[in-house]
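Asks: If you want the building blocks of each chain, they are given just below.
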Amino acid sequence: MWQIVILVGMLICAVMAVRTQKLLISALWLAGASALVALWMYLLGAPEIAVIELSVGAGLVTVLFVFAINISGEGGAPAKELLPRSVSWGLIVLSIGLLAWMGFSGGLPLPASMDGTIFKSVFWQDRAADVLLQIVIIFAGALGILGLLAEGKSHTTKGED
Amino acid sequence: MSLSMTTLSIIGVLGLIGIGLYALLAAQHMIKVIIALQILAKGAILAFVAAGQANGHVSLGQSMALTIVVADTIVAVVGLSLAVQARRYIGSMNIRSLSNLKR
Amino acid sequence: MASTLLLLTIGIPWAGAVIIWLIGDEYQKLLHGIAVAFSVAAGVAALMLIPYATGTPIISVDTGPVFGVFTFAPDGLGVFLAAVATVIGSLAVIFSVDYMKGEDQIARYYAFVLFFIGSMAGLVMTTNLLLVFVFWEITALCSYALISFHNDDPKAVAGGMKALIITQFGGVGLLLGALLIHSYLGSYELNDLLARWNDIPAGVLSVAAFGFLAAAAAKSAQFPFQTWLPDAMEAPTPISALIHAATMVNAGVYLLARFYPAFCNVPGWKTAVVIVGVFSALLAAIMAVVATDLKRVLAYSTVSQLGYMVYAVGTGGIFASQFHLFSHSVFKALLFLGAGAVIHAAGTRDMREMGGLGKKMPVVRNVFILGSLALAGLPIMNGFWSKELVLESGLAGGPMWAYIAMLIGAGITAFYTFRCVYLVFYGEPRKELHVHDAGPFMKTALIPLAALSLVTWLAAGPFSLLLKNTLPYHELEAVSTMFVVEEVLKAPATWIAMVVIALGLIAWWQRDKLTGLGKSLKGLGDIAADSFGFEAINRGVVAGVQSTAESLRATQTGVLNWNVASILIGLIVVMVILVMGA
Amino acid sequence: MDVNTLFLWLLILPFAGAMVTYLVGRVAVINKVKDNPARWLAFFVFLGVDYIFILLAQQFLSSGPIDLTVGTVALQFDGISLVLGGSALLLGTLSSLFSVDYIAGDTGEEKFYAMIIAMMGAVVGLSCANDLFNLWVWFETMAITSYMLVAFYSTQPGALEAGVKYLVQSATGSILVMIGIAFVFLVTGETNLDILQKTTAPASILLAAGALFIIGFGVKAALVPMHTWLPDAHSQAPSGVSALLSGIVIEAGLVAMMKALGALAHVSLSWGVILLLFGAVNMTYGNLMALRQNQVKRLLAFSSLSHVGYMLIGFGVAIQFSILNGAAGGFFHLLTHTMMKGLAFLAAGAMLYALYISKQKHGPLMLEDLNGASRKYPMAALGLSVAVLGLGGLPPLAGFMSKWQIFVAGFETQNTWVILLVVYAALNSVLSLGYYAPMVNRMYRLEPSATVSEGKELGFVIQIPLVILTSAIVAIGLWPSAVSFITTPAAAALLKAFGG
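Chains as they are written, first to last, in the working numbering: chain A, 1 to 161; chain B, 1 to 103; chain C, 1 to 582; chain D, 1 to 500.
Be a bit skeptical, because a hint or two may be false.
[Claimed, not checked] Mimicking DMTMM-like on lysine to aspartate or glutamate, the simulated pairs with C-alpha atoms at most 25 angstroms apart in a straight line are:
hint, chain 1, residue 1, chain 2, residue 2
1, C, Lys101, D, Glu447
2, D, Lys456, C, Asp192
3, C, Lys29, D, Glu190
4, C, Lys155, D, Glu190
5, C, Lys468, C, Glu26
6, D, Lys376, C, Glu103
7, D, Lys456, C, Asp152
8, C, Lys359, C, Asp437
9, D, Lys376, C, Asp192
Think of the hints as simulated: they come from the structure by calculation, not from any bench.
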């Protein structure tokens with residue numbers, strides 16, 4: 001029963017993150033959702049990823065959001081949606097409904113016994129290829145931010161020739 | 001309640017995805033859009049962990065989930081910097097002012 | 001030797017095209033010289049190839065199962081049309097030296113002309129269906145580039161686009177046929193089809209047959225695809241001559257004649273071919289009567305004469321159709337180049353502004369009249385013999401109504417031909433035009449053509465022998481020239497035709513007395529001037545596509561939310577399809 | 001060096017090279033070196049990767065697929081890697097050469113080169129991935145590297161807007177793919193593609209996974225209606241990047257989709273049908289949209305949609321009817337589209353550079369600007385002409401031959417519907433000439449537009465890629481079998497992935 005409470009809490013946090021008008025509050029709701037997701041994953045027997053999600057999802061990302069909101073300021077007054085609300089609802093209900101129906105109609109596999117592998121060795125050794133690529137992704141992300149936020153004039157030398 | 005943890009997790013995943021996608025349809029501010037992407041990412045992470053838990057390969061599931069955390073954080077960061085840049089050079093983070101390229 | 005000559009026939013013009021393109025526009029004189037040299041050399045190579053004519057491929061390069069064996073065979077049909085393309089083509093090039101003097105971008109002009117000639121030679125000599133399609137499309141591309149040569153003129157560009165799109169549209173029929181044949185025979189080899197057409201299911205074969213017919217009709221500007229040819233008149237006049245006499249439009253008739261043995265057994269195919277021929281011949285002839293643009297008259301006459309050739313194929317007269325094609329190439333090149341000389345001198349294409357030009361340019365007048373006589377089918381011009389052969393074959397192998405329609409067409413042909421000659425060269429000058437006779441290069445091209453249109457019919461015997469010996473599947477008989485002469489002179493059909501043609505002439509002579517009739521026909525004339533509504537259909541299709549495209553642009557909203565929504569729509573659609581399909 | 005080490009180097013070198021390029025470039029920027037060495041370093045990194053790739057390709061052609069296992073993650077150098085990796089490296093090399101002048105002096109030059117190397121490295125890796133999750137990671141790496149490249153002109157509103165839309169839609173697609181992978185993993189506990197292909201059985205959750213793969217990867221592969229980011233991104237990116245996006249990235253999305261669907265080959269019998277349907281829609285939509293465009297790069301971007309349609313028909317026929325020629329034609333068209341669209345964007349980019357960028361203007365290249373361009377920019381005009389005529393499917397250019405092979409495959413099915421679809425595709429080719437041909441015409445007009453007469457001369461280096469690609473397109477058109485040694489193994493690999 002208490003699992004359902006966590007689950008519902010998680011979804012409510014997400015809904016609030018979407019519904020809230022103030023961006024800062026919205027980011028905080030997101031952090032809340034993140035924390036509950038982490039808790040849920042802990043319950044699923046995945047403590048390592050839960051810790052990481054807590055620190056990155058609820059910590060780092062929130063900081064980044066606050067930082068960005070600081071730069072940009074709060075958004076303006078709420079305006080009418082660009083997409084009619086009924087269309088949005090229809091699309092979501094249809095697509096998620098279909099997904100859920102297709103997902104559950106065949107029945108989910110029964111819980112299997114744990115394979116007993118250790119996260120550390122799976123992550124660092126078995127999936128080393130993914131890990132190496134994460135480095136590339138981080139590198140690319142860093143360059144992306146640097147490239148985007150770089151101040152200064154474009155075409156510094158071209159005007160001279 | 002006879003719902004298993006796996007079933008509950010999948011419900012949670014679908015819920016997060018639905019909320020995230022709805023946010024993408026309704027959001028008018030770039031920050032909100034990035035938040036929506038983050039909600040979607042949480043759904044994906046949860047899906048992998050739940051899948052790993054269900055089939056017994058929980059470490060494998062965690063490992064893949066971790067990769068997703070990294071990738072999606074980077075996406076969020078790049079997205080935020082794009083948004084900040086848009087604020088600087090377009091003057092707004094609103095989707096309305098980001099819809100000049102069309103037709 | 002034969003394979004070398006064959007490669008030279010295709011390769012020389014292409015090499016010339018590349019060289020001219022590399023030289024660029026700087027050296028005008030050099031360009032003219034090179035173009036003439038290469039085109040004449042190609043013509044010589046093609047003529048030298050004639051004695052080596054054979055039905056079996058002499059060049060074959062295997063490129064694997066998908067693209068087949070690239071084969072070339074200089075059989076009677078191929079080598080003959082290659083010779084027409086290169087020889088008439090080289091005369092058009094010689095004519096261009098005067099006509100295009102001082103024009104800008106002359107390199108582009110000559111490069112495409114030579115590329116065009118070489119591709120046409122390739123089209124008729126390859127026996128691989130894929131290569132047929134390739135060359136087919138290249139000729140379409142070249143005609144587009146040349147029709148819209150004056151590409152600052154929107155009319156020229158539009159004319160070129162129309163030619164390209166319509167012939168490409170027809171090309172889809174060729175593609176359909178070629179691929180169907182390949183999928184059932186596993187080969188692109190043309191002779192395989194002619195030998196093994198029985199292995200293809202009847203329904204499939206008939207789709208292929210009608211696909212080829214559509215392709216041929218589009219290329220030869222036949223009903224109902226005839227609308228592009230008159231608009232192609234925006235091209236420089238030597239190009240019109242090239243398209244009408246040497247290359248392009250011949251390809252359609254060639255295609256029908258080439259595949260006749262495989263398709264003649266398809267139910268309804270021959271009738272369809274006859275109908276296409278008759279409609280084209282009659283409609284175009286009527287349009288020629290009301291046209292006032294000199295080149296348009298000639299363009300309609302081309303459609304009409306091609307109609308005769310198509311009709312001949314439909315009635316089984318392969319020899320007659322190719323023989324008429326031969327005559328037509330010569331006299332139509334002559335007429336177009338003559339018209340080019342007139343237009344070059346007069347600076348207008350409108351016949352109503354001409355008149356009385358005969359005295360000022362006697363040479364052009366004389367050759368033009370010779371060409372007109374051939375077009376009208378008067379003895380002893382080459383057009384006479386071949387048209388009579390066509391009509392005779394129609395009487396023997398086609399339905400009676402078609403024959404009568406074609407006879408009427410012959411009468412109308414005579415009528416509009418003489419109208420045209422009279423309006424241009426005789427009567428009182430209607431407008432003050434400072435004209436001069438043709439330049440030396442123009443004459444170099446015109447005079448041989450005039451001579452040829454007097455004598456090519458003498459080649460009937462050798463020509464039929466050539467076809468018989470190299471086209472084993474066509475079941476042709478060799479006839480001697482004398483036999484043809486006797487046959488034509490003895491046949492009552494000839495005399496009927498002569499009477500009709502004479503009636504056409506008398507009608508022109510007595511046109512003033514026929515005003516009553518003329519008035520009653522005015523309605524028809526008006527419809528004819530508007531291309532019997534086909535122009536409207538063309539315009540409607542184009543406008544429809546354009547406006548659909550324009551309204552479709554609204555779907556690119558540029559709004560992020562909608563973009564995401566479209567992803568979801570895609571997801572829902574795919575899931576529904578999967579659920580329904582499962 | 002043994003094959004496995006070589007393979008590893010093929011995967012690592014681009015990223016190592018990217019980092020080194022960035023560092024060298026950064027140092028040069030800090031020290032205010034006038035001609036940043038990063039531009040040439042990038043080119044040489046590409047050459048190095050090309051060399052390793054060729055060695056591996058030779059090995060593959062002589063003794064079959066090369067396997068590499070990192071931990072438990074399987075990678076395989078097979079025919080698909082040969083086509084996609086080869087195209088990526090070819091166009092990447094030429095594009096980096098092209099960008100030497102184009103990007104010179106722009107802020108972030110060193111990052112630009114690092115990113116294109118990394119992006120192409122990711123495509124090569126993607127083409128080798130034989131593990132469902134690893135495939136996604138390569139895919140995501142490619143996506144993240146491309147975000148910044150699209151928004152490279154980070155002070156231009158257009159580029160930023162395009163970047164935002166691209167990022168959000170691409171990330172959405174990426175999440176959908178992840179959910180799909182999670183579903184597959186949930187049911188099977190496995191991510192190896194070979195094992196998955198043999199073990200998966202029909203189940204509705206796996207059908208959902210397949211739908212998610214088609215849509216998720218379809219966003220990147222620009223299937224209509226998931227294509228909406230493409231015209232913006234392709235037209236706003238620097239031209240070298242536009243060429244890569246249009247010539248490589250969307251194809252990489254398509255290949256990733258094929259690989260992922262291969263894992264679910266036995267789950268449904270209708271994967272091929274869905275691809276064929278998307279193919280039909282893509283062709284029509286792309287052509288109609290391109291018909292009314294007046295910006296050159298946007299027009300080319302829309303035409304990419306229709307070319308994805310042709311590839312989809314080839315792959316769809318191959319999957320649905322197990323016809324080798326369909327896959328071979330699809331890969332052949334992938335290869336020729338890489339060359340043609342790459343050339344088209346590079347040639348248009350060369351003119352954009354001469355007319356606008358070199359004067360520090362950021363206007364779009366309009367169709368009117370092309371008027372009379374052939375006199376001043378003969379090579380760029382010729383290249384663009386050859387490229388668009390090839391795209392329009394005119395022989396004897398490469399695009400015709402690849403379309404032909406797809407058509408041959410369609411007819412080989414001897415299925416009326418597929419044959420009608422192929423005829424429809426051929427009619428679409430005719431329709432596409434409606435916008436390609438006038439474009440060529442413009443360039444050869446006599447009266448140059450005002451923009452052209454004020455344009456700057458083009459340098460030598462920027463024209464080298466144009467010459468190479470133009471001659472390659474003509475050469476392949478004249479001798480189409482020249483590349484069948486690449487496309488046939490790729491087709492075999494695809495059919496094998498679908499258990500055929």
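Asks: If a hint holds in the structure, say so; if it does not, say that too.
Replies: We went through each hint and held it up to the structure:
no.: 1; hint: C:Lys101 / D:Glu447; verdict: holds, 19 angstroms
no.: 2; hint: D:Lys456 / C:Asp192; verdict: violated, 57 angstroms
no.: 3; hint: C:Lys29 / D:Glu190; verdict: violated, 74 angstroms
no.: 4; hint: C:Lys155 / D:Glu190; verdict: violated, 65 angstroms
no.: 5; hint: C:Lys468 / C:Glu26; verdict: violated, 49 angstroms
no.: 6; hint: D:Lys376 / C:Glu103; verdict: holds, 19 angstroms
no.: 7; hint: D:Lys456 / C:Asp152; verdict: holds, 24 angstroms
no.: 8; hint: C:Lys359 / C:Asp437; verdict: holds, 10 angstroms
no.: 9; hint: D:Lys376 / C:Asp192; verdict: violated, 50 angstroms
In the structure shown, a violation is registered for the earlier hints numbered 2, 3, 4, 5, 9, in ascending order.
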